[in-house]
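Visitor: Protein chains in written order, with my numbering: chain A, 3 to 119; chain B, 16 to 124.
Don't read these hints as lab results, they were simulated from the structure.
The reader is advised that the hints may include incorrect statements.
[Claimed, not checked] Which stretches of chain B does chain A cover? Using the computed rule of at least three CB atoms under 8 Å from a CB of chain A, they are: (1) 50-59; (2) 76-83; (3) 113-124.
These figures come from a predicted structure and were not determined experimentally.
Just so you know, even glycine gets a beta-carbon here, dropped at the ideal spot from N, CA and C.
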Amino acid sequence: EPEVTQTPSHQVTQMGQEVILRCVPISNHLYFYWYRQILGQKVEFLVSFYNNEISEKSEIFDDQFSVERPDGSNFTLKIRSTKLEDSAMYFCASSEARGRAGANVLTFGAGSRLTVL
Amino acid sequence: GQNIDQPTEMTATEGAIVQINCTYQTSGFNGLFWYQQHAGEAPTFLSYNVLDGLEEKGRFSSFLSRSKGYSYLLLKELQMKDSASYLCAVPQAGTALIFGKGTTLSVSS
Chain A
3 EPEVTQTPSH
13 QVTQMGQEVI
23 LRCVPISNHL
33 YFYWYRQILG
43 QKVEFLVSFY
53 NNEISEKSEI
63 FDDQFSVERP
73 DGSNFTLKIR
83 STKLEDSAMY
93 FCASSEARGR
103 AGANVLTFGA
113 GSRLTVL
Chain B
16 GQNIDQPTEM
26 TATEGAIVQI
36 NCTYQTSGFN
46 GLFWYQQHAG
56 EAPTFLSYNV
66 LDGLEEKGRF
76 SSFLSRSKGY
86 SYLLLKELQM
96 KDSASYLCAV
106 PQAGTALIFG
116 KGTTLSVSS
């Protein structure tokens, strides 16, 4: 069964450092997403990406964050100057729906756990 | 914006039936999703409702009432492996899903 793959599975970094989390979405999917889940809290939407540009973003996704599709397969989340409160599990997801019609099922990767010290 | 409300925790015993409720408020409705999330793992898709009524899928069923802004997930013949968080979610303006806080279900023998 097709899956979303994420690397690294766990990253430890010092406060103020830059981090890049990588994702390979399912190959025929067109929409890509980043979510985060702070330990014990809910899954929070960060950003969605379609046709090489951001299509939606939340209030959490500020100037500290950026996303990129550097090639035909990878989708990355960059966090500049990490803060302690950025410690969380970051999930990448992808979906194949082109628009709002129908069941736009998001398939999630296993996540990248980021620990900021 | 979206507002989703679910109970925080529920407990049940093996073999029982449990109903997890979700109420929601959205500016525009485009379906409601249920996901399952085991501790430390990614959410996985369970069901989708866009029309009123019950959708059955094996041991799991999901119900929707659009006029009441209400859905429930019904789990039958509970098994220990059903211990997990169950997340109710609705689409934001486009394709991104906004999740509720989730209901943590503990199944005991």
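Visitor: Please go over all the hints and tell whether each is borne out by the structure.
Guide: Outcome of the hint check:
1. 50-59: holds (count 5)
2. 76-83: Answer violated; 0 residues pass the 8 Å Cβ test.
3. 113-124: As far as the stretch 113-124 of chain B goes, the hint holds, because 5 residues have Cβ atoms under 8 Å from chain A.
Checked against the numbered hints given earlier, the structure breaks only hint 2 and satisfies all the rest.
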